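Enquirer: From first to last, the protein sequence lines stand for chains A, B, C and D.
Note that the first sequence covers residues 17 to 321 in this note's numbering.
Note that the second sequence covers residues 17 to 321 in this note's numbering.
Note that the third sequence covers residues 17 to 321 in this note's numbering.
Note that the fourth sequence covers residues 17 to 321 in this note's numbering.
Where hints are given, some of them may not hold.
Copies of one chain are not kept apart here, so a pair can be met inside one copy or by any two copies together.
Claimed, not checked - Calculated cross-link-like contacts (lysine-lysine; reagent style DSSO-like; alpha-carbon spacing at most 27 Å):
#1 Lys244 x Lys294
#2 Lys308 x Lys107
#3 Lys302 x Lys156
#4 Lys244 x Lys107
#5 Lys107 x Lys302
#6 Lys244 x Lys302
#7 Lys156 x Lys308
#8 Lys156 x Lys134
#9 Lys308 x Lys134
#10 Lys156 x Lys305
#11 Lys244 x Lys156
#12 Lys134 x Lys302
#13 Lys107 x Lys294
#14 Lys305 x Lys244
#15 Lys308 x Lys244
#16 Lys156 x Lys294
#17 Lys305 x Lys134
#18 Lys294 x Lys134
Don't read these hints as lab results, they were simulated from the structure.
Keep in mind it's a predicted model, so treat the numbers as computed, not measured.
Chain by chain, the residues:
4 protein chains.
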Amino acid sequence: MLGYLGPEGTFTHQALLSFHREEARPYSSVIQALDAVRNREVESVLVPLENSMEGGVSATLDNLASGQRLMITREVLLDVQFDLCVRPGTKFDDIRHVITHPHAAAQTRNWIAQNLPKADLTEGGSTAAAAKEVSNPDSKYDAAVCAAVAGDLYGLDHIARNIADNPGAVTRFVLVGLPGRPPAPTGSDKTTLAVHLREDQPGALLEMLQQFAMRGVNLCRIESRPTKEGLGSYYFSIDVEAHILDARMRETAKGLHRIMGEIIFLGSYPRADHVRPKIGRGFSDKDFKAAKNWFIELVNPEERR
Amino acid sequence: MLGYLGPEGTFTHQALLSFHREEARPYSSVIQALDAVRNREVESVLVPLENSMEGGVSATLDNLASGQRLMITREVLLDVQFDLCVRPGTKFDDIRHVITHPHAAAQTRNWIAQNLPKADLTEGGSTAAAAKEVSNPDSKYDAAVCAAVAGDLYGLDHIARNIADNPGAVTRFVLVGLPGRPPAPTGSDKTTLAVHLREDQPGALLEMLQQFAMRGVNLCRIESRPTKEGLGSYYFSIDVEAHILDARMRETAKGLHRIMGEIIFLGSYPRADHVRPKIGRGFSDKDFKAAKNWFIELVNPEERR
Amino acid sequence: MLGYLGPEGTFTHQALLSFHREEARPYSSVIQALDAVRNREVESVLVPLENSMEGGVSATLDNLASGQRLMITREVLLDVQFDLCVRPGTKFDDIRHVITHPHAAAQTRNWIAQNLPKADLTEGGSTAAAAKEVSNPDSKYDAAVCAAVAGDLYGLDHIARNIADNPGAVTRFVLVGLPGRPPAPTGSDKTTLAVHLREDQPGALLEMLQQFAMRGVNLCRIESRPTKEGLGSYYFSIDVEAHILDARMRETAKGLHRIMGEIIFLGSYPRADHVRPKIGRGFSDKDFKAAKNWFIELVNPEERR
Amino acid sequence: MLGYLGPEGTFTHQALLSFHREEARPYSSVIQALDAVRNREVESVLVPLENSMEGGVSATLDNLASGQRLMITREVLLDVQFDLCVRPGTKFDDIRHVITHPHAAAQTRNWIAQNLPKADLTEGGSTAAAAKEVSNPDSKYDAAVCAAVAGDLYGLDHIARNIADNPGAVTRFVLVGLPGRPPAPTGSDKTTLAVHLREDQPGALLEMLQQFAMRGVNLCRIESRPTKEGLGSYYFSIDVEAHILDARMRETAKGLHRIMGEIIFLGSYPRADHVRPKIGRGFSDKDFKAAKNWFIELVNPEERR
């Protein structure tokens, strides 16, 4: 059984349906979803990790980095589109009170300001919950900004479609399970890490980045997140264009472990976009193997042919 | 006249009162507050920039980085403490519906889970609005998680005090005005920048950090934020331990401008904690001046004394 | 009056004749030649700096770096060709004793081993002195390895021509005068520096190289030379592809002065090969100027147009 | 049987006697000595590698780097002291013609200029040969600058002792044999390498140095030497404070092999000065082992205890 960040009708639900049509269990928060894996209620859960408009999803990043260890095994990308949905019968000009999730609010702010200048906008727990709220005939809210599926689910009218200020927003979701052997490398993989810098090392971020650069490992995301121990104390959440079993990433991981003290491996998994990394000269598995063989012969000259 | 992220009773309000007891105008969103400066409704506004628990305040970071240029002239630090406030007469065991801002929810999640296991938690627009909502006798909400001042403002009982899961949380606010000449260096200053990496430069983040490191400029905050142009496209929001007029920062700013293409200066201002930076050998204003004088004599030998 | 590393008939003499046909004064050692400038006996002297086969000329490098300051104003490149010269009447098979300068010996070693297997090779002070020695009928030496001009000067027969093991050897000479204003930039210049690393900085060489790399200044020669204070104590003799007045080199020189403590400027002068440097994005004089102007406007907003 | 750079009476001979009192074979040049190992005439030879006054010994560096592969197994340090030696009966004031090796000339230049202002100085093949020459009653040379042992060997009078301009000069010799398994690590070892930079990589020297720095391997000597393929083409001769079998050096060697294309291992051997390297945090063998074990468990979770 899989789980997901619910309720039904959220974008996460929609993303889950893209690869899993069987029954799945919604959870009302990222933390509850992740804990459900830890408690073995479900095998894996789908949760949002980042959004091209709003950045990283803090709850997911922080819980994965600091909670009991879990592992990402898959990523899913979803184009984010918002509809403005109302109870049947509501007229556009009558809309006064709109409800949605803060991220959806942020991404439709301009549209609403221009098209509904008299409306106020309330931020609630999810776009699906907003749709459900509006479906209640007694609700003080006239309209919800939500996913198309949520409007359908709750029998609302789509009084305006695709109202995002920046069409082309994408949300990235990850499927998270218990730690185990990662999926095999495909040649187009990502690895997610959380790295705590040793506090007593100035220039530690630079040093960390050099560990990647030195082995030709490209970063595709890096975010600093507070460690919650005070302003100025951060950890870094990082995605790289390599599988943990790729030689360049193996060596990087070991180098980070030696230098940084603590490095948290959060999974290696196929890229949803199937892009293959450009691997510079000296950084391919073949190059690492050749160097290893060269070294063995070097220090064991009697074994030379 | 100053403005702030309202409504009355928010932590921002409380932070404003720490240095400004005169009348001030609340705005209902960060963007409205910042736009009020741009529209010359108020001279400056106080808005939150980051929180030791939740990280950067995206709305502030993104609007400062991409909107019409503004300038930070002051920072304020505030210890964040939450109270659980109820309408007079409500008993602890009767609390079923709690409302607060998502950040306050995140920071009291464990306390509420342990002490109010049967209660549901709704996330609304601000802690002050939550307190106001609860003060309404008809509200379906029984309790608000809010600042002490908000409880007082709306006549609520503080049924539990200081309920944050991690006592010691701090929020950092900034006073933002129109661009102008920065406040003079004090020897204990910060500078805030937003830097867009040129997309066609791999290793650009490393290169950017080297610009700081090479001139002995320490970073105290670095956050990647999406440019909203698609996953994988970021800008960096950065605070450094130097004033823009300190020689090491002058040269760094010019170096970044040359190498990075676009660099946005968001202000230099005194540090609220009065900590003075450790300046390494070769990086003081005196060292820069000595090098300049040495060079002038070097290439103008006839001017040597 | 110019001087050069003599005696007459040396490669240095030949290099001098390539741009100066008037009278010139030979000196019997590099040090005597350089001191003749310091003593104002001559205006400038031509001395060898490096050779594509043997590397840097230690006497020149060390005396320029540690003696009373002088300045390079010109470089000259000369293809090095050696002839085997004998007294008229000597037959090839009778050659038993050959004399030449150690560098010439090194560069014709294989030819002599193959063609004169029975001959011994003595290393003397210069190829010209070797030719002069051989021209003495009483000399015990039968043949000299020398420049063609030396054979001619002393009336010897060229019993074999162009006997260098590696044809294509090049020696680089520099014209050295008293410190003064360097020749104006031509767009194809070199600058010569000597840099002493601060002994208490591990990684100081890396740090020094980063100063160049950070400003897009390419090195064309770097040699470590002992400071004569014990094994493990070195200074670096460096040529770069830039004029000291090029903006990227101005900033590099000042950066080195701040970080490294001691940096010795030994001259900027046109490249003999007229190659123009590739200047990366952000490193041209125009880029430096644009950054400077941007900064001035930034911190003096009232001066903006 | 061992060999050495002869003739008898050289500093190399003196250095050899410090650890080997049995018969040994002198060779008249570094190249002949090294070739005698390649031809299996002798097991190993002692040759000079560098001198604290004159820097690297080019013939040794270049032949080791470009000739058929050999391996250094030992280093010997010798304080260099020069005597001025004359035929018995020669008076100080009669000395007109002095002969010595160019390096000895360079290191006694000032003493001779001050004490023998009327004498000329001829540079010959070795200090021992100079002593032998002077011992010939028919020689035109009156005095030799040589090692004390050479004066004794050829029955000369030590008319002045310890005449070096800089007392405290040290020469470093290496014992060179055929490639084989290196001597075991002692905790105080050096490794000698020759590294050719790929010509098509700008910044290649910086990149090479980062390979060492990243793994905490300190350099104690780096010299650029021409590849003899034209001005501007260099290889680097390097000594580091680590044994090739130390984990930090193993990884560095493999990294250099991958990135640089060609790297020549010239031996790991105990340091003559017994200094132990300071090994930074994360760079000890124990740290490398811990990282390796951590990684194995990470990707083979089922093997966890």
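Enquirer: Next, verify each hint and record whether it holds.
Expert: Against the structure, the hints:
{"no.": "1", "hint": "Lys244 x Lys294", "result": "between (36 Å within a copy, 25 Å between copies)"}
{"no.": "2", "hint": "Lys308 x Lys107", "result": "neither (72 Å within a copy, 57 Å between copies)"}
{"no.": "3", "hint": "Lys302 x Lys156", "result": "neither (64 Å within a copy, 62 Å between copies)"}
{"no.": "4", "hint": "Lys244 x Lys107", "result": "neither (46 Å within a copy, 32 Å between copies)"}
{"no.": "5", "hint": "Lys107 x Lys302", "result": "neither (65 Å within a copy, 60 Å between copies)"}
{"no.": "6", "hint": "Lys244 x Lys302", "result": "neither (42 Å within a copy, 32 Å between copies)"}
{"no.": "7", "hint": "Lys156 x Lys308", "result": "neither (69 Å within a copy, 57 Å between copies)"}
{"no.": "8", "hint": "Lys156 x Lys134", "result": "both (15 Å within a copy, 25 Å between copies)"}
{"no.": "9", "hint": "Lys308 x Lys134", "result": "neither (69 Å within a copy, 47 Å between copies)"}
{"no.": "10", "hint": "Lys156 x Lys305", "result": "neither (66 Å within a copy, 60 Å between copies)"}
{"no.": "11", "hint": "Lys244 x Lys156", "result": "neither (37 Å within a copy, 32 Å between copies)"}
{"no.": "12", "hint": "Lys134 x Lys302", "result": "neither (64 Å within a copy, 51 Å between copies)"}
{"no.": "13", "hint": "Lys107 x Lys294", "result": "neither (53 Å within a copy, 63 Å between copies)"}
{"no.": "14", "hint": "Lys305 x Lys244", "result": "neither (42 Å within a copy, 32 Å between copies)"}
{"no.": "15", "hint": "Lys308 x Lys244", "result": "neither (42 Å within a copy, 30 Å between copies)"}
{"no.": "16", "hint": "Lys156 x Lys294", "result": "neither (54 Å within a copy, 57 Å between copies)"}
{"no.": "17", "hint": "Lys305 x Lys134", "result": "neither (66 Å within a copy, 50 Å between copies)"}
{"no.": "18", "hint": "Lys294 x Lys134", "result": "neither (51 Å within a copy, 53 Å between copies)"}
The structure does not agree with the numbered hints 2, 3, 4, 5, 6, 7, 9, 10, 11, 12, 13, 14, 15, 16, 17 and 18 stated previously, though it agrees with the rest.
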